[in-house]
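Chemist: This is what each chain is made of:
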Amino acid sequence: MNPALLPLFVGVPLAVAGLMAVFTPPMWVRSTLMMVPSGLGLAAASLLLWQTRDGQVLAHNVGLWQDGISIPFVADTFTALMLWTTSLLVLVSAAFAAAVHDDQRPFFPSLVLVLYAGVSGALLTGDLFNLFVFIEVMLLPSYGLLAMIGALGRLRAGRIYVTVNLLTSTIFLAGVALVYGATGTVHLGELAGQAAESPVVAAGMGVVILALSIKAAVVPVHGWLARTYPRASPAVTALFSGLHTKVAIYAIYRLYALVFDGDSTYLWIGVLVFSATMLIGVMGAVGEDTTRSILVFHMISQIGYILLGVALFTEIGLMAGIFYLIHHMIVKASLFLSTGAIEHTHGTGALDRLGGIARRQPVLGLVFMGAALSLAGLPPFSGFVAKLTLVIGAVDAQQWAAAAIMIVVSLITLMSMLKIWGGVFWGKDPAHEADHDGSGTTSAEGGTTTVTAARVRPMVLMPGLILTATTLCIGLGAQVLLTLSAEAAQGLLDTSGYLEAVLGG
Amino acid sequence: MTLAVTIAIMVAGGVYLMLQRGMVRIVLGLLLLGHAVNLLIMSAGGTFRRDQPLLGINPPDWAADPLPQAFVLTAIVIAFSIVIYMLTLAASGSDDDTEDAS
Numbered sequence: 001m002n003p004a005l006l007p008l009f010v011g012v013p014l015a016v017a018g019l020m021a022v023f024t025p026p027m028w029v030r031s032t033l034m035m036v037p038s039g040l041g042l043a044a045a046s047l048l049l050w051q052t053r054d055g056q057v058l059a060h061n062v063g064l065w066q067d068g069i070s071i072p073f074v075a076d077t078f079t080a081l082m083l084w085t086t087s088l089l090v091l092v093s094a095a096f097a098a099a100v101h102d103d104q105r106p107f108f109p110s111l112v113l114v115l116y117a118g119v120s121g122a123l124l125t126g127d128l129f130n131l132f133v134f135i136e137v138m139l140l141p142s143y144g145l146l147a148m149i150g151a152l153g154r155l156r157a158g159r160i161y162v163t164v165n166l167l168t169s170t171i172f173l174a175g176v177a178l179v180y181g182a183t184g185t186v187h188l189g190e191l192a193g194q195a196a197e198s199p200v201v202a203a204g205m206g207v208v209i210l211a212l213s214i215k216a217a218v219v220p221v222h223g224w225l226a227r228t229y230p231r232a233s234p235a236v237t238a239l240f241s242g243l244h245t246k247v248a249i250y251a252i253y254r255l256y257a258l259v260f261d262g263d264s265t266y267l268w269i270g271v272l273v274f275s276a277t278m279l280i281g282v283m284g285a286v287g288e289d290t291t292r293s294i295l296v297f298h299m300i301s302q303i304g305y306i307l308l309g310v311a312l313f314t315e316i317g318l319m320a321g322i323f324y325l326i327h328h329m330i331v332k333a334s335l336f337l338s339t340g341a342i343e344h345t346h347g348t349g350a351l352d353r354l355g356g357i358a359r360r361q362p363v364l365g366l367v368f369m370g371a372a373l374s375l376a377g378l379p380p381f382s383g384f385v386a387k388l389t390l391v392i393g394a395v396d397a398q399q400w401a402a403a404a405i406m407i408v409v410s411l412i413t414l415m416s417m418l419k420i421w422g423g424v425f426w427g428k429d430p431a432h433e434a435d436h437d438g439s440g441t442t443s444a445e446g447g448t449t450t451v452t453a454a455r456v457r458p459m460v461l462m463p464g465l466i467l468t469a470t471t472l473c474i475g476l477g478a479q480v481l482l483t484l485s486a487e488a489a490q491g492l493l494d495t496s497g498y499l500e501a502v503l504g505g
Numbered sequence: 001m002t003l004a005v006t007i008a009i010m011v012a013g014g015v016y017l018m019l020q021r022g023m024v025r026i027v028l029g030l031l032l033l034g035h036a037v038n039l040l041i042m043s044a045g046g047t048f049r050r051d052q053p054l055l056g057i058n059p060p061d062w063a064a065d066p067l068p069q070a071f072v073l074t075a076i077v078i079a080f081s082i083v084i085y086m087l088t089l090a091a092s093g094s095d096d097d098t099e100d101a102s
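So the protein lines, in turn, are chains Z and E.
Every letter in the first sequence is one number past the one before it in the numbering used here, and letter 464, counting from 1, is 464.
Every letter in the second sequence is one number past the one before it in the numbering used here, and letter 80, counting from 1, is 80.
Bear in mind the hints are in silico, worked out from the structure with no lab data behind them.
Heads up, some of the hints might be wrong.
Going by beta-carbon spacing under 10 Å, a handful of chain Z positions derived as facing chain E [to be verified]:
1) His101
2) Phe129
3) Glu136
4) Gly144
5) Leu155
6) Val162
7) Asn165
8) Leu167
9) Ala174
10) Val176
11) Tyr180
12) Gly184
13) Ser496
Label pairs and their in silico Cβ distance ranges [as the list claims (entries may be wrong)]:
14) E:Ala8 to Z:Met415: 24 to 32 Å
15) Z:Met283 to E:Asp61: 51 to 59 Å
16) Z:Gln66 to E:Thr47: 22 to 30 Å
All residues carry an ideal CB built from backbone N, CA and C; glycine is no exception.
One chain only, chain Z, in its complex shape (with noise of 0.2 Å):
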């Protein structure tokens, strides 16, 4: 692929939804469309993957500006993976939303694809301050999804989503600011390797990461996640689970890779950060009562195990932490579509009120273990192997504690996923435990009569299920990805193929 053409990733989305919201042709083209961009943009990615598997760089000068001066948009390894797996969640959220019609919403096609330019982008720059306006057109269209379609609550939510996000970003900008005024650039290939130099520069990225962790949800500034995810729409929420927070991660890999240049002083703050959240993440999913709430506090958990691969900062360490953010997007997003599908076909998704899906619903059933098998770790599925080669790095590493915590909270992932699997795939049918008490928990959502009677369509079930085949399969042929990710590690250790590529050498 000619490196001119990577500003399409961002171009062709961003073309398609300013003609749709302009046009607005009949419902069933506007719902084709919204999945031509990225089905174009998987493919292309592909391609870019192929192309980038030895630890070739491509970079382009946006407007063919002087190497050093201009926005440049990079890919290598890395950013291709992410790439391929963004392309990805978007066509099967997007083919979720379709088939529980939540595009019928104005707009609702328009936003979704500006969310997929915009994360294109952030994934593809590399440039500071570009990086802060991709993450704001992704964030942008979010806020609509946010609050246009979801349960009750969902504006509530939406003001803790936007007042918290404008706020992270404004200290995403001050940390810009300062990173200019002690630098003079914020040309990614500029900066490389200053923060380690000078601890002025590294204060100043300091406060760029703290923006990130936000946005990452890392405890202790991870209360917005869990206030917020529930409330909008299954298919948003899996679209979100699987983009937004992830793209922070990515630029947190980036910059720590790039302008720290790995500098081993602060990554002992990353260990003793990453691990509270991983154990405080999934102590919060104890508590909860609804299928989501419980997965958007495992999220919380898990972005702790992707980010310890940054704290490691080994070959291994990396290589691990690359291959469990591919991982976690696709089964995040998989159990999001499979319980969303439940919420979406029986009005609920509080424990109580389900009960017996396992029974009636074997595919379903399946598809919903097969994911929470893998978040929790188990062979054969993709998670194991994630699990496994980031503990080896630990151990490696000889971050012992970190090790020990990464196991704990396996088993404890594990028994609530058991949880939501005791509440909503096994035991009584709703209809009986009602007629037993004579409690009026009917009339509310639909009546428990529905909940027994109601089966999820497979047009519904479809999404979901291609995911957990993918993480099946991903476990099965590990081998490929943990080239891919070992690669992509190996592009982060060593800058100076990235650099030759943005600065023409």
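Got chain Z; can you put chain E on it based on the hints?
Modeler: Structure of chain E alone, referenced to chain Z:
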């Protein structure tokens, strides 16, 4: 120095307003904070060692740095659009203003 003091005052006011409960006050607090950061970006351009970008009066080396100004312009536009959206959120939904009467 003037810039530093202005930024400090604006951040203090912004944080105070953001710790209030009412949505409108939070929005105003964020606005103040956003402008404080904009000033921070301007000062990052080195205002103390630069002057007006006028040819023939100042040598080109002294001309004000245009890059932070472009940053600030972008940041203002983004913050403005989000603030409008937040005001919409404040106007819809339940009233959460904390007048201590009633």
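Chemist: Are the hints correct? Go through all of them and say.
Modeler: To see whether the hints hold, each was checked on the structure:
Taking 10 Å as the C-beta contact cut-off toward chain E, the hint placing Z:His101 at the interface is violated, the least distance being around 23 Å. Satisfaction of the interface hint for Z:Phe129 is found here, the shortest Cβ-Cβ separation to chain E being roughly 6 Å, below the 10 Å cut-off. The beta carbon of Z:Glu136 is positioned within 10 Å of a beta carbon in chain E (closest approach about 5 Å), and the interface hint is therefore held. Because the closest C-beta pair between Z:Gly144 and chain E is about 8 Å apart, less than 10 Å, the hint holds.
For the restraint placing Z:Leu155 at the interface with chain E, the shortest Cβ-Cβ distance is roughly 4 Å, inside the 10 Å limit, so the hint holds. A cut of 10 Å between beta carbons decides the hint on Z:Val162: the least distance to chain E is about 5 Å, and the hint holds. A distance limit of 10 Å between C-beta atoms decides the matter here; for Z:Asn165 the minimum to chain E is near 8 Å, and the interface restraint holds. Below 10 Å, beta-carbon pairs count as interface contacts, and Z:Leu167 has one with chain E at about 6 Å; its hint therefore holds.
With 10 Å as the threshold, the beta carbon of Z:Ala174 comes within range of chain E, its nearest partner Cβ sitting at about 5 Å, so the hint holds. A distance limit of 10 Å between C-beta atoms decides the matter here; for Z:Val176 the minimum to chain E is near 7 Å, and the interface restraint holds. With a cut of 10 Å, the hint placing Z:Tyr180 at the interface with chain E holds, because the nearest CB-to-CB distance is about 5 Å. At about 8 Å, the closest approach between the beta carbon of Z:Gly184 and any beta carbon in chain E falls short of 10 Å, and the interface hint on this residue holds.
Interface restraint check: Z:Ser496 against chain E, minimum CB-CB distance 27 Å, threshold 10 Å, status violated. Take E:Ala8 and Z:Met415: their Cβ atoms lie about 49 Å apart, and the range 24 to 32 Å is violated. Roughly 58 Å separates the CB atoms of Z:Met283 and E:Asp61, a value that falls within the hinted 51 to 59 Å. Range check, Z:Gln66 to E:Thr47: about 26 Å between beta-carbon atoms, so the 22 to 30 Å window is met.
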